[in-house]
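Undergrad: Read off the chains here:
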Amino acid sequence: MHIPDGYLSPQTYIPLYGVSVAVWGIAARKIKKEVSARQVPYLAMAAAFSFLIQMFNIPAPGGTSGHAVGGGIIALLLGPWTAVISVSVVLIVQAIVFGDGGITAIGANCFNMAIVMPFVASWTFRLIRGRSKKGARLIAAAFFSGYVGLTAAALSAGFMLGIQPLIASGADGRPLYAPYPLSIALPAMALEHLLLFGIIEGIFTAALLRYFMRHESMPIYCIRGG
Amino acid sequence: MKRFEKKLWLSLSVMALLTPLGIILPAKFGSEEGWGEWGIAALEKLLGYVPEGIKKTVGMWRAPIREYNFGGEDALFSTKVASYLVSGIIGAFLVGLVVVIITKLVLKDEK
Numbered sequence: 067m068h069i070p071d072g073y074l075s076p077q078t079y080i081p082l083y084g085v086s087v088a089v090w091g092i093a094a095r096k097i098k099k100e101v102s103a104r105q106v107p108y109l110a111m112a113a114a115f116s117f118l119i120q121m122f123n124i125p126a127p128g129g130t131s132g133h134a135v136g137g138g139i140i141a142l143l144l145g146p147w148t149a150v151i152s153v154s155v156v157l158i159v160q161a162i163v164f165g166d167g168g169i170t171a172i173g174a175n176c177f178n179m180a181i182v183m184p185f186v187a188s189w190t191f192r193l194i195r196g197r198s199k200k201g202a203r204l205i206a207a208a209f210f211s212g213y214v215g216l217t218a219a220a221l222s223a224g225f226m227l228g229i230q231p232l233i234a235s236g237a238d239g240r241p242l243y244a245p246y247p248l249s250i251a252l253p254a255m256a257l258e259h260l261l262l263f264g265i266i267e268g269i270f271t272a273a274l275l276r277y278f279m280r281h282e283s284m285p286i287y288c289i290r291g292g
Numbered sequence: 235m236k237r238f239e240k241k242l243w244l245s246l247s248v249m250a251l252l253t254p255l256g257i258i259l260p261a262k263f264g265s266e267e268g269w270g271e272w273g274i275a276a277l278e279k280l281l282g283y284v285p286e287g288i289k290k291t292v293g294m295w296r297a298p299i300r301e302y303n304f305g306g307e308d309a310l311f312s313t314k315v316a317s318y319l320v321s322g323i324i325g326a327f328l329v330g331l332v333v334v335i336i337t338k339l340v341l342k343d344e345k
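Chains as they are written, first to last, in this note's numbering: chain A, 67 to 292; chain B, 235 to 345.
Just so you know, the hints here were simulated from the structure itself, not pulled from any lab data.
All C-beta atoms, glycine included, are put in the ideal place defined by N, C-alpha and C.
Among the clues, some could well be false.
[Claimed, not checked] With a straight-line Cα cutoff of 25 Å, these simulated DSS-like cross-link-like pairs (lysine-lysine) come out:
#1 K338/B / K99/A
#2 K98/A / K236/B
#3 K338/B / K241/B
#4 K99/A / K342/B
#5 K262/B / K338/B
#6 K236/B / K342/B
#7 K279/B / K290/B
#8 K279/B / K98/A
#9 K279/B / K289/B
#10 K342/B / K96/A
#11 K262/B / K279/B
#12 K200/A / K241/B
#13 K338/B / K240/B
#14 K96/A / K338/B
#15 K98/A / K342/B
[Claimed, not checked] From the derived model, a few chain B residues whose C-beta atoms are all more than 12 Å from chain A:
#16 E267
#17 V292
#18 G305
#19 A309
#20 S312
One chain only, chain A, in its complex shape:
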């Protein structure tokens, strides 16, 4: 899901840079309110976790591969704003140091995996969880928060890629940037995440939430208060 350089037109990646920078600003203010100094090691662990989980590439039928992101479980444990910052840092380091995802696409990739994913995951969790404080419903809510969160991020990436042929083509009529239209890009991104990567994201999101709830060693964002 890491969009490389050249796949997005400037008309796409410049506004997305703007959106991501604006959201980082809000996230910084929220973190100031929500996070205590004692939690800083957990934030570092969250980022390290997201970096590492993304390294586990999973082969998919059709010759592609993909991976989980961890944006859902971080949002559940530490809050969506913390997830915004920690996953963004991961994506920026991946782009700059490892060439994974384009430099021009940092705004776009952060929008998909560090903004869409944690918030969709949080909303999905709240919606399914209802008022339950434990038990199967809570675990199901955690599964779907990872599953829907990752799939939403993939759809957002598929949408960005799919609109490129509409935005610009060369004198010969060939697309200048990402070449496949929405009718191909959206289903391609949706299917492999709905059928494979999303399920993996969901399983470890549910398993980790269960683990942290059992240990009760740190406050869990998604179940404290309401």
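Fit chain B to the given chain A structure using the hints.
TA: Just chain B now, with coordinates in the frame of chain A:
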């Protein structure tokens, strides 16, 4: 450090040691990069051409550890696996450090 925290750091270290699976498994099944993440050669094969905009910008940034690999594209697979493992450790450490610096800065100017 609290016991629970120690346990979590330990789990992350185990994860880091297992990262080579993320390059070995896809290689076993012959899977390539993710959808929409093709390089120039893969695009040429898929489309028969490389879109102009992609050709112009795709290599503009020379990442210091390109594709989690120290050995270059033609390196032995074992070199790639070792690079992947080391990249995982460097990356996990680096993102953790950056997050600590950012949150400390953010939290500091409150007080």
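Undergrad: With the threshold set at 25 Å, check whether the alpha-carbon distance from K262/B to K338/B stays at or below it.
TA: violated (43 Å)
Undergrad: Quick one, are K98/A and K236/B close enough, alpha carbons at most 25 Å?
TA: Judged against 25 Å, a Cα distance of about 24 Å means the pair holds.
Undergrad: In terms of Cβ atoms, is chain A entirely out of 12 Å range of G305/B?
TA: Label holds. Min Cβ-Cβ 14 Å, cutoff 12 Å.
Undergrad: So is A309/B really clear of chain A, every C-beta pair being over 12 Å apart?
TA: It holds; A309/B is separated from chain A by about 15 Å at its closest Cβ, greater than 12 Å.
Undergrad: Taken at face value, is the distance from the CA of K290/B to the CA of K279/B at most 25 Å?
TA: Distance of about 18 Å is within 25 Å: holds.
Undergrad: Take a quick look at E267/B and tell me if its Cβ sits farther than 12 Å from every Cβ on chain A, holds or violated.
TA: At roughly 7 Å from the nearest Cβ of chain A, E267/B sits no farther out than 12 Å, so the non-interface label is violated.
Undergrad: With the threshold set at 25 Å, check whether the alpha-carbon distance from K338/B to K240/B stays at or below it.
TA: holds (21 Å)
Undergrad: Does K342/B pair with K96/A here, judged by a C-alpha cut-off of 25 Å?
TA: holds (14 Å)
Undergrad: Are the Cα positions of K279/B and K289/B separated by 25 Å at most?
TA: Cα-Cα ~14 Å, so holds.
Undergrad: Confirm or reject the statement that V292/B sits farther than 12 Å, beta carbon to beta carbon, from all of chain A.
TA: violated (4 Å)
Undergrad: Are K338/B and K99/A close enough, with their CA atoms no more than 25 Å apart?
TA: This hinted pair holds, its Cα atoms lying about 13 Å apart.
Undergrad: Would the hint linking K98/A and K342/B be met if the CA-CA limit is 25 Å?
TA: Judged against 25 Å, a Cα distance of about 9 Å means the pair holds.
The structure does not agree with the numbered hints 5, 8, 16, 17 stated previously, though it agrees with the rest.
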